[in-house]
Amino acid sequence: MLQFGRFVIVRAMMAMTTLIIVSLVVFTLMELVPGDCAERYLAFKNTQGSGISVEDIEIERQRLGLDRPFLVRWSSWIVNAFQGEYGDSCILRVNIAQLLGDKFMLSLAICLAALALAYAIAIPVGIISAASNNPFLNNGLRLFSYLGLAMPNFLLALMIMLVSTIWFGETLTGLFSKEYRDAPWDWDKFVDLLKHAWLPIFILGWSATAFALQTVRALMSDEIGKLYVTAASARGVFGRKLLWRYPARHALGPIVNSLGFDLNRIFNELPIVALILTLTEAGALLIEALARSNDQQLAGAIIFLLTASIVTLNFFTDILLAVIDPRVRKSILR
Amino acid sequence: MSLLNVENLTLQFDTDEGRITAVDNVSFSLEPGEVMGLVGESGSGKSVTAKSLMKLNAGNGHYTPESKITLHLDDGPVDVMSLKTPREMQVVRGGAISMIFQEPMASFAPALTIGKQMVEQLLIHSDMTKKQAKELSIEMLDRVGISDAATRFGQYAFEMSGGMRQRAMIAMALSTKPKLLIADEPTTALDVTIQAQVIDLMKDLVDEFHMGIIFITHDLGVVAQTADKVAVMYLGRMIEQGPVRDVIRRPQHPYTQGLLDALPKLDDLEAPLTPVAGDIPSPLERPSGCVFHTRCPKIIGDVCKRDVPQWADTGENHRTACHLCAEKGEAA
Chain A
335 MLQFGRFVIV RAMMAMTTLI IVSLVVFTLM ELVPGDCAER YLAFKNTQGS GISVEDIEIE
395 RQRLGLDRPF LVRWSSWIVN AFQGEYGDSC ILRVNIAQLL GDKFMLSLAI CLAALALAYA
455 IAIPVGIISA ASNNPFLNNG LRLFSYLGLA MPNFLLALMI MLVSTIWFGE TLTGLFSKEY
515 RDAPWDWDKF VDLLKHAWLP IFILGWSATA FALQTVRALM SDEIGKLYVT AASARGVFGR
575 KLLWRYPARH ALGPIVNSLG FDLNRIFNEL PIVALILTLT EAGALLIEAL ARSNDQQLAG
635 AIIFLLTASI VTLNFFTDIL LAVIDPRVRK SILR
Chain B
20 MSLLNVENLT LQFDTDEGRI TAVDNVSFSL EPGEVMGLVG ESGSGKSVTA KSLMKLNAGN
80 GHYTPESKIT LHLDDGPVDV MSLKTPREMQ VVRGGAISMI FQEPMASFAP ALTIGKQMVE
140 QLLIHSDMTK KQAKELSIEM LDRVGISDAA TRFGQYAFEM SGGMRQRAMI AMALSTKPKL
200 LIADEPTTAL DVTIQAQVID LMKDLVDEFH MGIIFITHDL GVVAQTADKV AVMYLGRMIE
260 QGPVRDVIRR PQHPYTQGLL DALPKLDDLE APLTPVAGDI PSPLERPSGC VFHTRCPKII
320 GDVCKRDVPQ WADTGENHRT ACHLCAEKGE AA
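Sequence lines, in order, name chains A and B.
Letter 305 of the first sequence, counting from 1, is numbered 639 in the numbering used here, and no numbers are missing.
Letter 214 of the second sequence, counting from 1, is numbered 233 in the numbering used here, and no numbers are missing.
By construction, these hints were calculated from the structure, which means they are not laboratory data.
There is no bait here: all hints are sound.
Covered by chain B, per the in silico footprint, the following chain A stretches (three or more residues, Cβ under 8 Å):
#1 553-562
#2 566-574
#3 649-663
Idealized CB from N, CA, C, for every residue including glycine.
Same shape as in the complex, but just chain A:
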């Protein structure tokens, strides 16, 4: 137990280090974008018709503290970022934390729900399909997987919207009904969210399930043929106990490892789905920040939040992995 506590602390410190390094990379990337926040804002102002001089830019730069050395700016940014404070958006001139509000958390929740859905289906189904030799089950699953892998998410979203509009007269867009959109959080708002969120969760979850299912099946088929499984059945272990205690437990390690990667993938797919389903609350803001307005401050904040979520998820999967597999535990502590 003491050993395990040490493992958790070591892992947490590693996660923290990763996050700090990532923040440096993110911050450097923000800086590498040609022009800084001051220039960008004033250029934006310029297009609105107000004349801007070089002096104005210089004053703005000093006001934003952009004349300080790089490392100082990075450290103040990172210290603030860990406290959930990301400064003002370059263009909108609004505090980013306020601008994001629930949006980031909502996006993350949708992605995590899709991830959970994917694995809740893929793990048991993948294990059962690897263990059984039923050709109908296996071919059916293959078809489902290939559809999920081959069909782009936006197409699926469009199809579902089309069907629901024609047959049910319901457009299924947005994350909230009108009356709840700006209402404070309460139970009714949450229920309303669930009523709307199942669709993006389902769409994002399908391809993720298809992907995870193939992985689980392949790993499990691999593991089932191993000698220790034969050895266990030679000792009289059989049925569900044999399946879960022996091959399944050992096949799950690499699957747990891929969770972080999958979250990243789902998050990348979210903006397109969000665009089609007009989920203004999610995803779309990142595209806005990155592609349209070059708002480096906003984009940096979103990317930092995203990587922080992935690093956090990886931290938890590492702990989980160590619980499942003693080799992982020992390799860290030696």
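Since the structure of chain A is already known, use the hints to place chain B on it.
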């Protein structure tokens, strides 16, 4: 009474390329306390034969109706072929029969402690409590010469050396006090000194537990050291069986002779090694008649290609399936 009777065991596998005969009409018996060496090249069907005793072969295997395996236990005979459900099969899987595999590393589950796997097996096959099972497991680990057994009990296979793993495997296999132990090349993956230790250990334990052992190996040297009798297999057929000394001194089948000639001789290092000529044919193209005729240096004509040789007595309890021996027998 014999401990084990195997009669006309034939096992075929359905594969994408067609039906493969892995074991062809094999018969033998084993007395309690007797050690039988099962010898042959890779692909000769030794492991498959042994696994048949526990019905451990893959789902695409089919036993012919004539196949018969009978295990004589204290409370009556067990017809192994008639065991259907996994629960029924527990009597031969870990109950009366235990098996040790070639690779001790791969035969322990990597993420379960040695102890958990030992206790699990004891709980299946006895009425012990968890505590009793743990005590017995530690005692068994101690018996096979693992020092600090209580600590080792809580360790994983990857934390042990190869020799220690195989000792632990032996401890686990013997903890349920089986009547028959199948050892599938138990020493092949170990280096020579450890190999000798493990063999000695097994010999001691056999005397003590008085069980039958089937020792599968391709190493005739190991057989000479350990076994009472030996059976030689080639392409799924048993071609010669008899007392170990007699078979090694006077091998009758050309294949057995070939195997013995292929061994390096320490007293004459200049002597060239003479491997058995040719390769094992593909199981999809089983030779007709005597399965060995395609490689046999002493082939006597069409009879070898046409007729399956019958057993001929070639000494006391020594039988050989070869047309050469049948002719000699008739002539005498």
